[in-house]
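> Residue numbers (our numbering), protein chains in the order written: chain A, 1 to 109; chain B, 1 to 109; chain C, 1 to 109; chain D, 1 to 109.
Derived from the structure by calculation, the hints contain no laboratory data. Nothing here was measured: the structure is a model prediction, and the numbers come from that model. A portion of the hints provided could be inaccurate.
Derived BS3-like pairs (lysine-lysine); straight-line CA-CA distance at most 27 Å [unchecked claim]:
no., chain 1, residue 1, chain 2, residue 2
1, B, Lys72, A, Lys97
2, D, Lys83, D, Lys26
3, A, Lys97, D, Lys32
4, B, Lys72, D, Lys26
5, C, Lys32, B, Lys12
6, A, Lys12, A, Lys50
7, C, Lys97, D, Lys97
8, D, Lys83, C, Lys68
9, A, Lys50, A, Lys39
10, B, Lys32, B, Lys50
11, C, Lys43, C, Lys12
12, B, Lys97, A, Lys83
13, C, Lys68, C, Lys12
14, D, Lys83, C, Lys50
15, C, Lys68, C, Lys50
16, C, Lys26, D, Lys97
17, A, Lys50, D, Lys32
18, B, Lys12, A, Lys68
19, C, Lys72, D, Lys12
20, D, Lys72, B, Lys26
21, C, Lys39, D, Lys68
22, A, Lys68, B, Lys97
23, B, Lys32, B, Lys97
24, B, Lys50, C, Lys83
25, C, Lys12, C, Lys97
26, D, Lys72, C, Lys97
27, C, Lys26, A, Lys26
28, C, Lys83, D, Lys83
29, A, Lys32, D, Lys39
30, C, Lys83, C, Lys39
31, D, Lys26, C, Lys68
32, D, Lys39, D, Lys12
33, B, Lys39, C, Lys43
34, B, Lys39, A, Lys68
35, C, Lys43, D, Lys68
36, A, Lys68, B, Lys26
37, D, Lys97, B, Lys83
Restraint-style ranges between C-beta atoms, simulated for each label pair [claimed, not checked]:
no., chain 1, residue 1, chain 2, residue 2, range
38, A, Phe78, C, Ser46, 38 to 48 Å
39, B, Glu98, C, Arg95, 37 to 47 Å
40, B, Gly31, D, Leu80, 20 to 30 Å
All C-beta atoms in this analysis are idealised placements derived from N, C-alpha and C, irrespective of residue type, glycine included.
4 protein chains.
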Amino acid sequence: MPGREGDTKVGKMIIAEFSIIPIGTKTTAVGKYVQAALKELEKQSSIRAKPEAMGTIIEAENLGDIFKAVEKAHNSLFGLGIKRVVTEIKIDDRRDKEATIESKTQALQ
Amino acid sequence: MPGREGDTKVGKMIIAEFSIIPIGTKTTAVGKYVQAALKELEKQSSIRAKPEAMGTIIEAENLGDIFKAVEKAHNSLFGLGIKRVVTEIKIDDRRDKEATIESKTQALQ
Amino acid sequence: MPGREGDTKVGKMIIAEFSIIPIGTKTTAVGKYVQAALKELEKQSSIRAKPEAMGTIIEAENLGDIFKAVEKAHNSLFGLGIKRVVTEIKIDDRRDKEATIESKTQALQ
Amino acid sequence: MPGREGDTKVGKMIIAEFSIIPIGTKTTAVGKYVQAALKELEKQSSIRAKPEAMGTIIEAENLGDIFKAVEKAHNSLFGLGIKRVVTEIKIDDRRDKEATIESKTQALQ
């Protein structure tokens, strides 16, 4: 994310989790679809995306950037021939303290 | 939703579920916050919102309308003094068949 | 649920939401699998199950009864030839006030 | 987890994600409650728990072990004076292939 590191002020970040399931895939191996969605997320310079075992963690400065990125990721599966997609987004928006993916994870260790 | 009833063609609908939790509320009774979010959803003419016990079901013609409505609902809680909000959206987007809140529920009965 | 109706004291109820997605189904029409899971939930006398558009609402007196019912519902899909299942449970456990599916929904209307 | 490493047969693992939100905490800083739940998960020798920014990933051989661990984690918050807890579990149960937290994450990189 441009200007994040080395800045004195980072600003509040919204942390979200995104997951996507294609339905009607014949096979249980849906990795190529999840990767396509992830690739779309990673193209968006306004967010930071970190893949995890059960979903992708997204960090962004505002909700609009998250939704714009998720919409592109979600729609990318229809371009691959999928006819039904279940997408989930969980947003943790804290306005009284700065938080990043790292600070939230470290706070638990 | 304008033009939905009485039309011969309804078009594909996306069904989603929205839920919101305010964090740091002193009390366990968060109904007034959930109601404020719901009121914002109901103001949006581009979606249909139906409250349930564990979330609100949303029906809309496209994802952008859902995200626009959810963003307003989510942000409304900060206007009420809440400093941290966890919002979840689950989207079931099926492009090969028309579906509504009613058709999906009836199919299970 | 034994002793629920007609009693003067109902006791605290836990409200939960259950949803299930079979992966690798060839078709986008997964209703028969969702119905099989729902049928298992409805067999369990220790919980009450109410199907909605995006999931099934469960009401029970304790968490163990919910997990026992969900495990049976989840496993029923493997008996139908499904090889991968994604199941979600969201539990709202409030110990300072009685709540039912109806009271939670009515509070929002 | 006993016997996991160095064995020739690991067996199928179920991957799940757990998250917990205490309601009515006065403060937005709920880390101490999340840590208490995590501590309970880590006490359970039948599962493996890995904290992430938006939830804890659990790996176990069967669903019963996951539910037993989650129930203890969920209940631990009431012991700390919390009166309402929202817990979520998402289970990815794949029976046709071995999967671990690491294999699922690596497949996306």
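> Look at each hint and say if it fits the structure.
Quick rundown of the hints versus the structure:
1. B:Lys72 / A:Lys97: holds (21 Å)
2. D:Lys83 / D:Lys26: Measuring from Cα to Cα gives roughly 12 Å; hence the hint holds.
3. A:Lys97 / D:Lys32: Answer holds: Lys97 of chain A to Lys32 of chain D is near 16 Å, not above 27 Å.
4. B:Lys72 / D:Lys26: Roughly 24 Å between the alpha carbons, so the hint for Lys72 of chain B and Lys26 of chain D holds.
5. C:Lys32 / B:Lys12: Distance of about 21 Å is within 27 Å: holds.
6. A:Lys12 / A:Lys50: It holds: about 18 Å lies between the C-alpha atoms, which stays within 27 Å.
7. C:Lys97 / D:Lys97: violated (44 Å)
8. D:Lys83 / C:Lys68: holds (24 Å)
9. A:Lys50 / A:Lys39: holds (11 Å)
10. B:Lys32 / B:Lys50: This hinted pair holds, its Cα atoms lying about 17 Å apart.
11. C:Lys43 / C:Lys12: holds (22 Å)
12. B:Lys97 / A:Lys83: holds (9 Å)
13. C:Lys68 / C:Lys12: Holds, at roughly 19 Å.
14. D:Lys83 / C:Lys50: Measuring from Cα to Cα gives roughly 25 Å; hence the hint holds.
15. C:Lys68 / C:Lys50: holds (17 Å)
16. C:Lys26 / D:Lys97: holds (18 Å)
17. A:Lys50 / D:Lys32: Roughly 25 Å separates the two Cα atoms, so the pair holds.
18. B:Lys12 / A:Lys68: Satisfied, since the Cα-Cα distance of roughly 21 Å is no more than 27 Å.
19. C:Lys72 / D:Lys12: With a Cα-Cα distance of about 19 Å, the restraint between Lys72 of chain C and Lys12 of chain D holds, given a limit of 27 Å.
20. D:Lys72 / B:Lys26: holds (24 Å)
21. C:Lys39 / D:Lys68: holds (24 Å)
22. A:Lys68 / B:Lys97: Roughly 25 Å separates the two Cα atoms, so the pair holds.
23. B:Lys32 / B:Lys97: violated (37 Å)
24. B:Lys50 / C:Lys83: violated (34 Å)
25. C:Lys12 / C:Lys97: holds (7 Å)
26. D:Lys72 / C:Lys97: holds (21 Å)
27. C:Lys26 / A:Lys26: Given pair Lys26 of chain C, Lys26 of chain A holds - Cα atoms ~4 Å apart, limit 27 Å.
28. C:Lys83 / D:Lys83: violated (39 Å)
29. A:Lys32 / D:Lys39: The hint is violated at about 35 Å.
30. C:Lys83 / C:Lys39: holds (19 Å)
31. D:Lys26 / C:Lys68: Judged against 27 Å, a Cα distance of about 34 Å means the pair is violated.
32. D:Lys39 / D:Lys12: holds (25 Å)
33. B:Lys39 / C:Lys43: violated (37 Å)
34. B:Lys39 / A:Lys68: holds (24 Å)
35. C:Lys43 / D:Lys68: holds (22 Å)
36. A:Lys68 / B:Lys26: Distance of about 34 Å is beyond 27 Å: violated.
37. D:Lys97 / B:Lys83: violated (43 Å)
38. A:Phe78 / C:Ser46: 38 to 48 Å: Given range 38 to 48 Å: holds, Cβ gap about 41 Å.
39. B:Glu98 / C:Arg95: 37 to 47 Å: The hinted range 37 to 47 Å holds for Glu98 of chain B and Arg95 of chain C, with Cβ atoms some 43 Å apart.
40. B:Gly31 / D:Leu80: 20 to 30 Å: holds (24 Å)
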